[in-house]
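Undergrad: Chains as they are written, first to last, in the working numbering: chain A, 356 to 696; chain B, 5 to 269.
Quick caveat, the hints were computed from the structure, so don't treat them as lab data. Ideal Cβ positions, reconstructed from N, Cα and C, are used throughout, including at glycine. The reader is advised that the hints may include incorrect statements.
[As the list claims (entries may be wrong)] For each label pair, taking beta carbons as the anchor points, the in silico distance ranges come out as: (1) A/Arg373 / B/Ser113: 36 to 44 Å; (2) A/Ile513 / B/Ile73: 36 to 44 Å; (3) A/Arg373 / B/Asp71: 53 to 61 Å.
[Said to hold, decoys possible] For the chain A half of the interface with chain B, some residues (derived, Cβ under 10 Å), not all of them: (4) Leu537; (5) Ile546; (6) Ala550; (7) Val551; (8) Pro553; (9) Ile556; (10) Leu558; (11) Val561; (12) Leu607.
Single-letter residue listing:
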Amino acid sequence: MASSNKEKGTKLSALVWREFKRNGVAIAGLYVVCFLLGIALFADFLANDKPYYLRYQGKAYFPIFRGYMVQLGLARLPPELVNVEYKTLDNQAAVFPPIPYRPSNVNLTASFAPPSAKHWLGTDKLGRDVMAGIIHGSRISLSIGFVAVGIALVIGVILGALAGFFGGWIDLVTSRLFELMLAIPTFFLLITIAAVFPPSIFLTMVIIGLTGWVGIARFARNEFLKLRSLDYVTAALALGVSSRKIMFRHILPNAMAPVMVSVVLGVAGAILLESGLSFLGIGVPADTVTWGSILNEARSNTFAWWLAVFPGFAIFITVLAYYLVGEGLRDALDPRLRGLR
Amino acid sequence: MQYAVWIKNLFTLKFGESYKDNQPVFDKIRERLPVTIKLNVLSLFLVYIVAVPLGIYSATHSYSLGDQITTLFAFVLFALPVVWLGTMAIVFLCGGDYYFLFPPGGLTSIDYAPEWPLWQKLKDQIWHLFLPVLMLSYAGFAGLSRYMRSGMLEQLRQDFVQTARSKGLPESVVIYKHVLRNSLIPMVTILAGILPGLVGGSVIVETIFSIPGLGQLGYEAVLARDFPVVMALFTVSALLTLVGILLSDLLLAVVDPRIAFGRRQ
């Protein structure tokens, strides 16, 4: 692959991007992924019980922005706004976000409200707005996806690099370890560990990461095995470059591209796992609203179809988008498919 | 010393008693094992029955409209979360306020009687198992048909296919006699890879459809911190996986005559 790039005079990343752009479905997936990241990033501005702008007792406030400052410890809430209900406040003017609820806003009088202009996607048993829950749930899903895969990536690349680069008995031992991990029913292990510890989102990320590195490690091992016999590695060895430097400075950048495919697919897998866990009520604290926990409510309240349809659709779209991007990346990286379309 | 005793008990399948109700764990598992095995064998069967022809179609019509549709369809199926489809099925198809096409859970009807004629028992079983088996299988249709497709495309590029075609064999013989047989080999190998996921996968499906199998037992045991049961389940599912891998190795010899156990003639 390296030599063909030199002939064309383009970098691999540019080549891959050119191939990727020709794949319409993958580009659509990429748009969806960016859109979801945007939603997760601006969740507070899309669904919040605080207004953007408020005129109260003759003064102007920006409660959402002020809220961020308070969280960062840069400012304090003005005393007249501590623990106030913004919606019932006797204000002169206020601009609310499109969904004026937070997922934690309980309203028992609006329990199980079907979708309407007030609650776009209905409410759950405690009267919490489903749309707000889905918007804020995207934060949990995506952050669990990224952090878990990040952990898996670090473990997988290090183990895979050791196995592939050194070979011999190290390869033997780590490969047996991979096989051992593959024979363990991961999902069952996951719910066992998650149920033993007190529920926390961070712990869920760590557990999913710790159980999900085998695929990445095997990919990395195969890449390192392939690359370590190339001339430039031999040259580096002859120059007396240390093994660690060869592994992480010389080989790793070249091995990363195929590993990225399993990383992107891994994010989708982690999001699926998280939804399964919170559907079973394991791992995520009971008062945290996630896509899986809304789905779980639909199971015992089968008349509330909106609780089943919308959060599941969110999971589906997210996972599908990541799959499409991952597959597009795989096709773009495959030299045999180049120029086929 | 305690550890040695524990290991010995593990190997002799003495799992002890459940913390929850002091019933022997072994009996609990023996009671539920057939249910999970039945579910998983049925779903594996369904997966291969559907995925192999789909893969053959995609490979022989590669890059046609039909292939693209099946590809997209496979992606959609693969991305559909079981928790969503299962819940949707429960909400819309199983009683509730909408349709009542399938039972909301369990393995047998409430008025099930052992003296029912065989066909009625069978009908009842199929009625109850249809949705759970489908939920366990649909992701497999997608994954395996992709594997089948790429495996077949790989074979179609080989020289022996060219030879077979050039000596005037009809296309159907080339595909079904020469190519198919070779591309079934990776399919059998994959069987070993998907087996460990089955017990885990049945946790969600068995919980959604309240089926008294190993998955549900495991879920309840985990929630109740019933560790003897949890440990036993890990052992049993690892054993099942090993048996599955052995079976797939044996199957490999059936599919690929070049692989032979025992001594050469």
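Undergrad: Each hint needs a verdict: does it hold in this structure or not?
TA: We went through each hint and held it up to the structure:
no. : hint                            : verdict
1   : A/Arg373 / B/Ser113: 36 to 44 Å : violated (60 Å)
2   : A/Ile513 / B/Ile73: 36 to 44 Å  : holds (42 Å)
3   : A/Arg373 / B/Asp71: 53 to 61 Å  : violated (24 Å)
4   : Leu537                          : holds (6 Å)
5   : Ile546                          : holds (5 Å)
6   : Ala550                          : holds (4 Å)
7   : Val551                          : holds (7 Å)
8   : Pro553                          : violated (13 Å)
9   : Ile556                          : violated (18 Å)
10  : Leu558                          : violated (15 Å)
11  : Val561                          : violated (18 Å)
12  : Leu607                          : violated (27 Å)
Checked against the numbered hints given earlier, this structure breaks hints 1, 3, 8, 9, 10, 11, 12; the rest are met.
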